[in-house]
Every structure is written in C-alpha cells, then in structure tokens.
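Could you use the hints to bring the two separately framed chains together as a complex?
Going line by line, the protein sequences match chains H and L. Residues 14 to 243 in the numbering used here are what the first sequence spells out, letter by letter. Residues 438 to 665 in the numbering used here are what the second sequence spells out, letter by letter.
It should be emphasised that the hints constitute simulated quantities derived from the structure, not laboratory data. Nothing here was measured: the structure is a model prediction, and the numbers come from that model. Glycine is no exception: its CB is placed at the ideal position from the N, C-alpha and C atoms. Treat the hints loosely; a few may be bogus.
[Said to hold, decoys possible] So the derived label-pair ranges between C-beta atoms look like this: (1) H:ALA169 - L:VAL526: 44 to 52 Å; (2) L:ILE464 - H:GLU232: 29 to 37 Å; (3) L:GLN612 - H:GLU202: 20 to 28 Å; (4) H:GLY90 - L:GLN612: 17 to 25 Å; (5) H:ARG106 - L:GLN612: 22 to 30 Å; (6) H:GLU202 - L:PHE575: 50 to 58 Å; (7) H:GLU232 - L:TRP483: 25 to 33 Å.
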Amino acid sequence: MNMEMLAEFGPRLLDGFWVTIGITSLSVLIGLMLAVPVALMRLSDLKILKWPSYIFIFYFRGTPILVQLFLVYYGSGQFRLELSELGLWQYFRGAYFCAVFTLTLNTCAYTAEIFRGAIKSVSIGVIEAGRACGMSGILLYRRVILPQALRIAWPAYGNEIIFLMQASSLVSIITLLDLTGVARRIISETFAVYEVYIFVALLYLAITYILAFIFKRIENYLQRHNKALS
Amino acid sequence: MFELGGYTPIIIAAMKNTLLVGLAAMILAIVFGLLGAWAKVASQAWVRGLANTYTTVVRGVPELILLLLFYYGFPQLVQDFAESMGYEVLIDIDPFLAGTITIGFIYGAFCTEVFRGAFASIPTGQAEAANALGMSNFLMFRRILLPQAMYFALPGLGNVWMVLIKATALISIIQLDEIMRMAKIAANATREPFTAYFLASLLFLGITAVSMVGQHFLEKRVAKAGQH
Numbered sequence: 014m015n016m017e018m019l020a021e022f023g024p025r026l027l028d029g030f031w032v033t034i035g036i037t038s039l040s041v042l043i044g045l046m047l048a049v050p051v052a053l054m055r056l057s058d059l060k061i062l063k064w065p066s067y068i069f070i071f072y073f074r075g076t077p078i079l080v081q082l083f084l085v086y087y088g089s090g091q092f093r094l095e096l097s098e099l100g101l102w103q104y105f106r107g108a109y110f111c112a113v114f115t116l117t118l119n120t121c122a123y124t125a126e127i128f129r130g131a132i133k134s135v136s137i138g139v140i141e142a143g144r145a146c147g148m149s150g151i152l153l154y155r156r157v158i159l160p161q162a163l164r165i166a167w168p169a170y171g172n173e174i175i176f177l178m179q180a181s182s183l184v185s186i187i188t189l190l191d192l193t194g195v196a197r198r199i200i201s202e203t204f205a206v207y208e209v210y211i212f213v214a215l216l217y218l219a220i221t222y223i224l225a226f227i228f229k230r231i232e233n234y235l236q237r238h239n240k241a242l243s
Numbered sequence: 438m439f440e441l442g443g444y445t446p447i448i449i450a451a452m453k454n455t456l457l458v459g460l461a462a463m464i465l466a467i468v469f470g471l472l473g474a475w476a477k478v479a480s481q482a483w484v485r486g487l488a489n490t491y492t493t494v495v496r497g498v499p500e501l502i503l504l505l506l507f508y509y510g511f512p513q514l515v516q517d518f519a520e521s522m523g524y525e526v527l528i529d530i531d532p533f534l535a536g537t538i539t540i541g542f543i544y545g546a547f548c549t550e551v552f553r554g555a556f557a558s559i560p561t562g563q564a565e566a567a568n569a570l571g572m573s574n575f576l577m578f579r580r581i582l583l584p585q586a587m588y589f590a591l592p593g594l595g596n597v598w599m600v601l602i603k604a605t606a607l608i609s610i611i612q613l614d615e616i617m618r619m620a621k622i623a624a625n626a627t628r629e630p631f632t633a634y635f636l637a638s639l640l641f642l643g644i645t646a647v648s649m650v651g652q653h654f655l656e657k658r659v660a661k662a663g664q665h
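Bound-form chain L, shown alone (with noise of 0.2 Å):
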C-alpha cells in the first residue's frame, strides 16, 4: 500500500523519536504538574502568583510560538545578555532536548490543573489521620496524598498524554528526525506527498488508539485497586 520508494520502514522507524520525545516530556510534564499544584495551594503568596502565571500564560499562548520562543529566542536571549557583559557564547540547543522541555513545559500546564483538582478530591481526614500517625509531611504526601492523587489524576493524566503526543509533531519545524520530518523528507523525495503524510497520519492514529486502550484497561484496574 505505502510504497514510497522505500522510505515507509524509515518513517515508520521514526516513530521510536516520537514516542521517546512524548515520554520524556510527559515526564516533565508530570513532574512540573506536581511543582505546580503543590505552588498553587503554598501559603506564600508570591509561590501561588507564580503557579498562576505559569498555568495563565502557558495556555493562553499557541505552542508553535512557544517553542519558536524557547529554541530560537532563548539562545538570542542569554547571547545578547552575554555580549553585554563583554563574553561572546554560543548556544546551540539540542532539538530533542529543546522539544522535550518545551513540549514538558506547556503540558506541566495542563497537568497542574489535573494535579490540583486531584489533591483537592482527596478527604482532609487522610492527611489529619496521617498527621495523627506521626508522619512527617513529606512521608505523608509519599504515602497518603500521591497515591490517592494519582488515582483522580489518571483520567486527567491519560487526555494531556493523547494531546501532547500529537503536539510532538511540531517539533519537527526544529529539525528532530520524528514522524513528521521523516515524512517530509519523504515527500519531497518522492513526489508523493499525500502518501507519506497520510502513513504519518495513521502512525499517530495507532499511537492514540493504543493509548485509548491502555487509558481505558489502566483505568480500570486501578478502579479495582481502589474498591477494598
């Protein structure tokens, strides 16, 4: 079907980048998440302003110009700032780590939100209780909080992880060998430009198919999980 003059094993390959991509910045993601939700409820008031701002800006602004920002005016910006100081640098950011802590960071956005709702479905006795164990704040949030968390979250966690993954496409503008580049790379070769775009296309649609199912089967395991 997809003949491509032998470039369909080649995107097809490229799908290992798209999805090492999407992992490591849903890590990010998670982890900016947790910083989030965890600054949005601190008792000093800059740290909660700060979480605001972060979440306000990140998804009112398209991703495009922030990545545009992060990997070609962020280098601009510590260059010049260098020059001033009478240094001359020269900064060249990785593409797949610019895609991984751009991507990161717009989702740690989205996963904040989900984080916070998560914290907050969580009955204030656990904590009491745990307070009254004698756990310290941190063993309590190890042991009490996350977990519990984690189970709201998942539904939340598991939407962000389909959005992300397909905003992974993108990172090809910066020159990452992902799907999208790989077919383009195969389009302009072949002439077939339909055809190649259409094998990206339904390499994505495989990626979020198997997530739906993964989402649906992890869902429901841990809604077993949770019924004593």
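Pulled out of the complex, with its shape left as it was, chain H reads as follows (with noise of 0.2 Å):
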C-alpha cells in the first residue's frame, strides 16, 4: 500500500469504515435496547417467559453469524409473498437492512447472556436495601439493580462489542461495502491482494484497541469508587 494507492483508494476506505462503524452502531445501540428485557425474561419464573428467551439466546449463540446473515438476507427470499403483504419486503430485500437485522439480533442474544450473569451477581444485600428503603419492581430494577449489573457486566460487554465489530466483517459477504467490502473491490480491480488486506487488516487492529481503550477508560470510571477505597 503506496502513497499513490492511498490516495487513490483513501476516500473509499473511509467510506467503507463509516459503513462499519454505522451497522456496527446502529446493532449494538438496538441489541442493547432489546437485550435488557430478553435477560429479564430470561431470569423470569414464568415459562411463557423463561422458555422464548431460552431458546432465542441458545438459537443465536449456537449458531454462525454468516448463517444466521444468510437466513435472512437469502432466506427472507422464500417468503417474499408473505413479506410483501405484510409490506416488510422492501425492508428485507435490502443487505443493509438485513445485516443491520442481524447482527442486533446477534449481539442481543450474546448481551442479553452477559446481563443475565450481571443481574444475579448483584449483591443480595444491596437488593434487600432497596426494599428496605421502600423501593420495588420497575424503581428497584432501575435506580439499583441495573446500575449495578452494568457495573458488574462491563467488561465483559465491551469485549462483545469489539466482537461485533469484527464480525461485521461478514456483511460484505451479502454484497455491501463496509470495510472489508470496499477492499475485495479494490482488489478486485487492482490485484494488489495482500497490500490491500494487510492495510484494511491494520485498520481494524486500530479500530479493535482504540475502543478498547475508550472501554478501559470507562470501566475505570464505572469502578471509581473501589478505585478511591484502596
């Protein structure tokens, strides 16, 4: 990768980074949105409750992300009379659209798992303080016992977010143009195999411990108060 290739390709690349970071953003914000009630489902004594969120994590975490993309974005095909009356086609004939699909369904399942670990690890004591103070259901999840699972569930959620971002990589196996995308175009006008990989492979290196930094930093500021104790 020469001056003259980045110049040339720059702009594309950042294209392709900003497609990235987009379906990249986009899933991880509405996973999130949905994983906090899959995890309470999940944690539910109800079996109507219990058993579809059960079987929702299992599905999406005992699977590959490329099966799951294709599921939806080739399989989606097979119902396309069904879609169509029910005007969801033209959302499912789109690859962006249907990785974006896919990929929050994913992180959910995978979130949802690491939140459901968070909530029962919330000391049993701060719970009952809650109580105590006159706190319950909807006030007690929200001022305790989620502040404190996020706490607790952090590291391990950033991690599945560096993941995510990685697997977006996928997508450009249903045709779009996000990083990888845009560098197998190059390639496959310039032949320039490994100079391309190597550069959009030290790209997303960058991108991976730059968030992980951010995410250090506010796992630092989440534990500021053991910080201040030792």
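This is the structure in structure tokens:
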C-alpha cells in the first residue's frame, strides 16, 4: 500500500470505514435496548417468558453469524409473498437492513446472556436495602439493580462490542461495501491482494484497540468507587 | 420437514468436513497455544515480543480478513517474490489446508491466553519439587506441568472449541464442501434458501449442544480426578 494507492483508494476506504462503524453502532444500540428485556425474561419464573428467551439466546449463540446472515438475507426471499403482504419485503430485500437486523439479534442474544449473569450477581444485600427504602418493581430495577449490573457486565460487554465490530466484516459477503467489502472491491480492480488486505487488517487492529482503550476508560469510571478505597 | 429436493442428506453429510476441519484446526490451535504460552514467558525478549504481537494482531483483526489474506494474499506474495527472483511459480492452496491453518492460527492466539493462565495457576512449588527430584525440563513439563495445566485449561479450551466450530462456516467462501457451502448449493438449486440455511443452522446448533454436554461431562470427570 503505497502513497499513490492510498490517495486513490483512501476516500473509498473511508466510506467503508463509516459503513462498518454505522452497522456496528446501530446493531449495538438496538441490540442493547432489546437485550435488557430479554435478560429479564430469561430470569423470570414464568415459563411462558423464560422459554422463548432461552431458545432465542441458545439459537443465536449456537449458530455461526454467517448462517444467520444468509438465513435473513437470502432466506427472506423464500417468504417474499408473505413479507410483501405484510409490507416488510421492501426492508428485507435490502442488504443493509438485513445486516443490521441480523447483527442486532445476534448481539442481543450475547448481551442478554452477559446481563443475565450480571443481574444474578448483584448482591442480595443491596436489593434488600433498596426494598427497605420502599422501592419495588421497576424503580428498584432502574435505580439499584440495573446500574449495579451494568458495572459488573461492562468488561464482558465491551468485548462483545469489539467482537461484533469484527464480525461486521461478514456483511461484505452479502454485497455490502463495508471496510472489508471495499477492500475486496479494490482488490478485484488492482490485484494488489496482500497490500490491501494487510492495510485493512491494520485499520481493524487500530479500531479494535481504540475501542478497547475507550472501554477501559469507561470501566475505570464505573469502578471509581473502588479506586478511592484502595 | 426438510425435503429440499434430496439435498438434505448431502448437507448432513457435509457435517463430516465441518467436524474434520474443526478438529484439525483445534489440534493446531492447541499446538500454537502451547508454543505461544511458552513464548510469552521465555527469557529472550524477542520471543516474548513475537508472542505478544501474535496474540495482539490475531485478536484484533476479523477472521474473514485473515482467511482472505492467507488464502489469496499468501500465494500472491510468494508468486510476486519468485517473479522478482526470475522464477515462475503457481501456488494453489488446498481449501482444507488453508482453512485448517488459518482457523488453527487464529484460535491458537486464544489458546495462548488460555494456557498462559493455566500455567500461571500451577503453584511454583510443583516445578521446584520436580527439579529437586532431578527431572529434566522436558520431563518436568510432560509429567508435572502439562497434566495440571490441562486441568486448569479445560474450561477455556472448551469455550475456544465452541467459537472455533462456528468459525468454520467461513471456509465455505474458499469453496470447501462443508455445511455452509452445501447449504448454499442446495439453496440455489431448490430455491428454498430459508429451509436450506435453517437446516445448516440446526446442524451447527446440534454440534454446539453436543459440545456443551461433552464439555460438562469432561469437566466433571477431570474435577473428580483432581480430588485425591
């Protein structure tokens, strides 16, 4: 990857970079919003709530993301008529929607499992104290349990976001021009196989460790009460 | 349930290749992991640096990029190099080999961390006692350190296996006839992509479920052996 090539393909790689970041952030945000209710369902005593979320989490954690992507992107074509009647086909025919849809469900399953563990390990004394103060139900969750769970879950959740960012490279297989997609397109034009892949690999490496650095800072912030003691 | 114009048994049979690549890659990953864990505590700084670079780079780059780099980039690099030396060579990597090596190399980095932790959890007294008994370094490694490290490493290795077997789906893009590729062929031929990929996903789910039971059973057995 010399300067000449960088000048020529830099703008396209930058576009690809934003697609990668866009897909990842959308999926992470929607996935997080869905993950909390799924985790709570999984922890519920009611079988009708517990089992669907158990099966959902088991399915999305037990199958490769590539299969999930193909199932949504190509598989939706099998139900074209039904989806058209529901007015959903216009969404499922687009690769971008399918990519975000799949990655959202995938990260939702992993995040729900991380949150389930975290919610379970919130110490009982804290919850009792909340109850003693007269909090219950949603208020107790919002003020006491979820903030504590977030603190416990954060390191694992940070890893999940990084994992998802890397997994988003798979969307290039369903024709999207993310960082990997752009790299493959450039290679098909220039045949500069290893130069481009190594350059893109370095970009991913940089994104990974920048994210890791940011998450570490947030972790330190969340753990600041412990630091003051030691 | 899955008719798929007779493609169902073909997709199921392709599980063999998925498992073969998975197992071969896992063995390679364990070898890379042991080497990496050894290198991380080596006395030479450059060996440690190499091991740290290995785990840092591999864990920071998507598997897809590494697979494409190895399968398409590596032959090109060798060819370009040979050309500059005045030779003409054509390298064609076997997909099975490329897949196994790439996946093994990637998950070797994860195994390195698992083994590093496992060796670190063995009390130093063990090595000292082995030394006192006059064991050579290799004998000590084989008889004292490795068996105990395996005990500590088992849960971590089980987790690596679960992620690794799912990563083998990627090899379909370099044309190896495993579950994913056969599902794709069936999807195109029958025009029932959902059925084909859903079957593929259930096969992976089956492998994961069996692995989970196996891991649980193995850990229980090893825990039992650990109690004297």
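Hints versus structure:
1. H:ALA169 - L:VAL526: 44 to 52 Å: 47 Å, holds
2. L:ILE464 - H:GLU232: 29 to 37 Å: 35 Å, holds
3. L:GLN612 - H:GLU202: 20 to 28 Å: 22 Å, holds
4. H:GLY90 - L:GLN612: 17 to 25 Å: 23 Å, holds
5. H:ARG106 - L:GLN612: 22 to 30 Å: Given about 27 Å between the Cβ atoms, the range holds.
6. H:GLU202 - L:PHE575: 50 to 58 Å: Holds, since GLU202 of chain H and PHE575 of chain L (Cβ atoms, about 53 Å apart) stay within the stated range.
7. H:GLU232 - L:TRP483: 25 to 33 Å: Between GLU232 of chain H and TRP483 of chain L, where Cβ atoms are some 32 Å apart, the hint holds.
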